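Hey, can you work out the whole structure from these sequences and the hints?
From first to last, the protein sequence lines stand for chains D and L. 1 is the number of the first residue of the first sequence in the working numbering; add one for each residue after it. 1 is the number of the first residue of the second sequence in the working numbering; add one for each residue after it.
Hints listed in this document are in silico derivations from the structure and should not be mistaken for laboratory results. Note that the coordinates shown come from a computational prediction; the quantities given were computed from them, not determined experimentally. Just so it is clear, CB atoms sit at the ideal spot from N, CA and C, and this is done for glycine as well. One should not assume that every hint holds.
Just the calculated beta-carbon pair ranges, DEER-fashion [stated by the list, open to error]:
{"id": "1", "chain 1": "D", "residue 1": "Pro504", "chain 2": "L", "residue 2": "Arg560", "range": "13 to 23 angstroms"}
{"id": "2", "chain 1": "D", "residue 1": "Asp159", "chain 2": "L", "residue 2": "Gly304", "range": "24 to 34 angstroms"}
{"id": "3", "chain 1": "D", "residue 1": "Lys227", "chain 2": "L", "residue 2": "Ser531", "range": "49 to 59 angstroms"}
{"id": "4", "chain 1": "L", "residue 1": "Gly534", "chain 2": "D", "residue 2": "Lys275", "range": "41 to 51 angstroms"}
{"id": "5", "chain 1": "D", "residue 1": "Asp583", "chain 2": "L", "residue 2": "Ser531", "range": "33 to 43 angstroms"}
{"id": "6", "chain 1": "L", "residue 1": "Arg560", "chain 2": "D", "residue 2": "Ser156", "range": "44 to 54 angstroms"}
{"id": "7", "chain 1": "D", "residue 1": "Thr190", "chain 2": "L", "residue 2": "Asn192", "range": "40 to 50 angstroms"}
{"id": "8", "chain 1": "D", "residue 1": "Gly407", "chain 2": "L", "residue 2": "Leu408", "range": "51 to 61 angstroms"}
{"id": "9", "chain 1": "L", "residue 1": "Thr117", "chain 2": "D", "residue 2": "Asn224", "range": "23 to 33 angstroms"}
{"id": "10", "chain 1": "D", "residue 1": "His143", "chain 2": "L", "residue 2": "Ser531", "range": "54 to 64 angstroms"}
{"id": "11", "chain 1": "D", "residue 1": "Ala559", "chain 2": "L", "residue 2": "Glu404", "range": "50 to 60 angstroms"}
{"id": "12", "chain 1": "L", "residue 1": "Asp307", "chain 2": "D", "residue 2": "Val197", "range": "54 to 64 angstroms"}
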Amino acid sequence: MGEPRTESGFGRSSPAMGMAFRPGRAPGGPVYLGPKEKPRNTRRTVGRMVQFLSGGWVTLLFVFVLVCIASLSNLLGPYWIGKVVDTFVGGTGKVDFLALKTLLIQLLALYIVGGVCTFLQYYLMAGISQDVVFRIREKLFQHLQNLPVAFFDRRSHGDLMSRMTNDIENINMTLSQGILQVFSSFITLTGAFLMMVFLSPLLTLLTLMVIPLGFLVTTLLSRNTRKAFSLQQKALGDLNGLIEESITGIWIVKAFTGERKVSDKFSRINRELRKQGIWAQILAGTVPPLMNLMNNLSFLSTAVGGGWLVLRGSLSVGIVASFLQYSRQFMRPLNEMANQVNLLQAALAGAERVFEILDESPEVDKNGDSKDGSPLQVNRIEFVDVHFSYLPEVPVLRDLDFEAWRGKTIAIVGPTGAGKTTLVSLLARFYEPSRGRILFDDRDIRTIPKAIVRGALGIVLQDTYLFSSTVRENIRYGRLDATDEEVLEAARMAEADPFIRRLPQGYDTMLSDEGLNISQGERQLISLARALLANPPILVLDEATSNVDTRTELHIQRALGRLRKGRISIVIAHRLSTIRDADVILVLQEGRIVERGTHRSLLEAKSAYHALYHAQFRRQAELRSSHNLVE
Amino acid sequence: MRLLFRSLSPYWIPALGAVLLMTGEVVADVYQPLLMSRIVDVGIRTGDLPFILSSGFRMVLIAFLGSIGGVGCTILSSYTSQSVGADLRERLFAHTLSLSFPSLDTTSPPTLITRLTNDVTQVQTFVLMMLRMMVRAPLLLVGGTVMILLLNPSLTPFLIAFYATLFLGMGLLIRKGLPLFNLVQKKLDGVNRVVRENLAGIRLIKAFVRGEYEIERFRAANRELKDSTVRVSRLMSGTLPLLFLSMNLCMIAILWFGAHQIQGGTLQAGKLIAIITYLTQILHSMMMVAFLIVTLARVKSSIGRIDEVFALEREAHGDNKIDRREQPQEGNPQELPLWPSSSPQEPWSIEFQQVRFRYRKGEPVLADLSFRVEGGKTLGILGSTGSGKSTILALILRFYEPEEGRILVHGMPMHKIPLTVLRRRIAWVSQNPFLFSGTVRENILWGVGEATEEDLQWASRIARVDEFIERFPEGYETLIGQRGVTLSGGQKQRISLARALLKKPAILLLDDATSAVDLATEASIQEGLRSLQGTTVIVVTQRISSVVFADSILVLEEGRAQGWGTHRELLRCNPIYQDIFRSQMEEELRNGGT
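And the structure:
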């Protein structure tokens, strides 16, 4: 909404300020005419919004009744004042005090009723709208949890975030203020028009003369304003992108003395933003003074025309006074409504974006998603002829065939991009194979609920995501009901305990959002502890210790060795030292298993593994010779 | 607040102009009801049509003048606010870029970003509002009051009562409302945090089947947000109708009182109508004032946050001014010769003398560290996670200053070398590769601006970028990041290595720079690195195989040098090195003979 402008009439105006007081966005100020957005299917979107009302129906109806009453009292006020004016317009000694008294008491009652209704309508609406927004947020979040990983890989997080925050905030605004305002504006508009026609059709014509002119001016301006705002928005987006990038990568900027380069680029976009911003603000800011002019002109034509009519004796001064007020009541909602309708449309477009996510089909699980079911014991995992591709024409995994047994460790090695991590994604059912099957004890995992499959896996993922919470809580994420003692035990096993103790607050140290305050290696250790705490029948380590130093890694290896009994271990590594003990090593290249066997047999085969191995240990030939020096 | 006025001061002329023009509009607005009352009292009462028309004409004229003032104010205030915003943004950005690393450690990137984007915009919007409303509201308030008192001084008690109610209501609103608004904002941040974490950590959440737990967590945050929002909305829904009601009560009282005065002949009907019009104006300007106070509180915290950044210490060294004003505007950095590609490159030596260092708080990270690398030689630094290896590199880059001791570069105390010169001659490949959005070529050229095709090929050959870049249909022009291809960790590391090599640095710092690169590729990269002439190389690693061929190796353990020498020397007599060696080799040796 725009600046609260002066009301040169009298009487009350609707408490639209409530909106301006809301935090979270820059309210008031200039009229914001953002890029015009139109919902694609208004009726359907509104229909879906209505579903979120659930029990709020009755209250909402009541609120609309209240809006009607409040608007009516709003409308009747000027009429009453006109009558009041007529009681004293005669001048000295001719005031009709009896009528005045009655009229003022009636007016008082009118105002009180109006005030109470306004209060009640906003009070009730706050509950309803927040309930709806709460439900939409909740529904959306729940839905996000059920969407497949592929969805998150495909979508930009910034976009999802903006739907979850900005779009919902827009819905919130519209629900708590917009709808009521549009409705009451509509009633006021129609009512004022009817009252005016009822009081004097001729004066109505005079009053409304300037309206087409006002319309013309605002339409012309707002069309250009929108263009200017979208240009401004674009510059702002570019600038924010640059800011984000150069601050996230400030180490590199500084190390490469790229400050000049970055700030020159910044200045260029900043200048553009300033130019577009000035234009947009000027165009948008011109509307209120021009509308003020229109108001004043309309006021004038009413006053002059009314005066003339009074002189001719065809109207009373009171009616002119009422008219002056109605002309305000007519112009103001007219100004506001254009704005409100824009906001409403933007909110609906936002709602559509939210619903678009809700329309994404969740992870299919034909087998119900029984989340609790007994934990799965798995003795054997088998990949049968598994094929997979993200894009139809680019196969990532081909003819994958292997078995993993309980108590055994299976290692997967291969160059970057060979498909190792994809294999884990298939195992966790993040993605489904495009052909072939993955079996847990001869049972196709597609027939097992995802939650159960994943519950059986303890995965240390390559990207070691940590939550902004304490170290202890991050480890406990592996098993929520674990005691502090068990957390400690897991940390010890993962060799994370020593460094955690050196942190400022030990296990209670808060980790920042992206875990930036600890090193990559340390993050891996915490992730490992987290997975170990879960104590799963299948342990999957995807480059779990690639940034951990070798001695610590060796200790971890020993600890893991003890854990291997009774579970299936799948280890992905490019550091061959970590997998030498594996019972089976698969060498993956371009999505195919090109070799399999034990470390020894593979070395003897002198093929792909041998080459990999010697690439890594090439220089260790020399090391070996120098080894004699140690003893 | 000082910040605000300082930013505004270069634009005081347009700002003053905006204020004056706005005053014009307000005077016009205040004048209108008075003219109208004359139409009623003089024109209508005496039946003087020409008077009505001439008054009408004057009203049109004044309305026009007022609009000119309004539009003029809009133009000047838009210009001023956008310029202030742009200047502030630019200054803040330049300052942020020049912050020292100890300062950067005290803030996180997201908060810096918010300050540059959101907070600056808040200030900008506020300046715009200030120039329009902050002048308009008090002027209307004063103008309206003066007019009422001029028209009828006997209404003073009513006005006092009216003001008292308004002040009370506004005070209540601000006292109760403000903390609630802040609370809502905090709860909203809480909800957003859960969402952000869930988007970033979705694989983890799914892998651990923690959907229900997260939904529970979100529900709690969501409920708190809802409850606090409802509280604010209800407060607002109670206060505002009350304010309007009080105004209406006052109006009824004035009508009653005024009617008596009319009866007594001391007041005319038109004047009474005008008085009531002024009352409405006063109420609205009061609302504007309250609204401004709320905004002011919010802007104050924005300004406070911006000031915090300005208060942070910049990197020492006067010559590192990247302040744009000191540099020619049109200076295209891409044309600056960062390294004279023809002149012979001279490698730099590095010497640490009794260096002690600790981060802001906490235990010493480096203690009494001394070592020396001759120019052109390779130093390997070996140590476990958290032993302080990367910190050594950070000190060489002068990201931090040693607490005690000193570092000599090229035989000179490091702080004598201008920071830009130092960093231009040092290249660094960090643990986590960071690439900018743009093409692969732009990223490799990032450190130097431009290079010959030959040099580009050379760098990408050594870093083995050539190996995968050929598979991209667009080669070096391939876009990376959001709108382009997603690179694997190893590919990113290789690009960032090529970026460093292209600088043809005097010192090359490699911090576990090939940890995500597969082994065969890594071996060939190391091969290439050994062929580098004219560069001192420092390799930080946990792997012995990466440092075997180093001219000297520093064994670091909890920030102290625990060994120094060549691979052979260390193997012979350094127990820690032997231990590390065994941990990496024993299996290897057991399998020996293959």
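Structure-based check of each hint:
Taking the beta carbon of each, Pro504 (chain D) and Arg560 (chain L) are about 21 angstroms apart, inside 13 to 23 angstroms as hinted. A beta carbon spacing of about 31 angstroms between Asp159 (chain D) and Gly304 (chain L) agrees with the range 24 to 34 angstroms that was offered as a hint. Hint check: Lys227 (chain D) to Ser531 (chain L), Cβ distance near 57 angstroms, so the stated range 49 to 59 angstroms holds. For Gly534 (chain L) and Lys275 (chain D), the hinted distance range of 41 to 51 angstroms is satisfied, since their beta carbons lie about 47 angstroms from each other.
At roughly 41 angstroms, the beta carbons of Asp583 (chain D) and Ser531 (chain L) sit within the given window of 33 to 43 angstroms. A hinted range of 44 to 54 angstroms holds for the C-beta pair Arg560 (chain L) and Ser156 (chain D), which are about 46 angstroms apart. The beta-carbon spacing between Thr190 (chain D) and Asn192 (chain L), approximately 41 angstroms, falls within the hinted interval of 40 to 50 angstroms. Restraint check, Gly407 (chain D) to Leu408 (chain L): a C-beta distance of roughly 58 angstroms satisfies the suggested window 51 to 61 angstroms.
For the hinted restraint 23 to 33 angstroms between Thr117 (chain L) and Asn224 (chain D), the CB-CB distance of approximately 26 angstroms keeps it satisfied. In this structure the supplied range 54 to 64 angstroms holds for His143 (chain D) paired with Ser531 (chain L), their Cβ-Cβ distance being about 56 angstroms. For the hinted restraint 50 to 60 angstroms between Ala559 (chain D) and Glu404 (chain L), the CB-CB distance of approximately 39 angstroms leaves it violated. For Asp307 (chain L) and Val197 (chain D), the Cβ-Cβ distance of about 58 angstroms falls inside the hinted range of 54 to 64 angstroms, so the restraint holds.
Figure legend: structure checked against the earlier numbered hints; the only hint not met is number 11.
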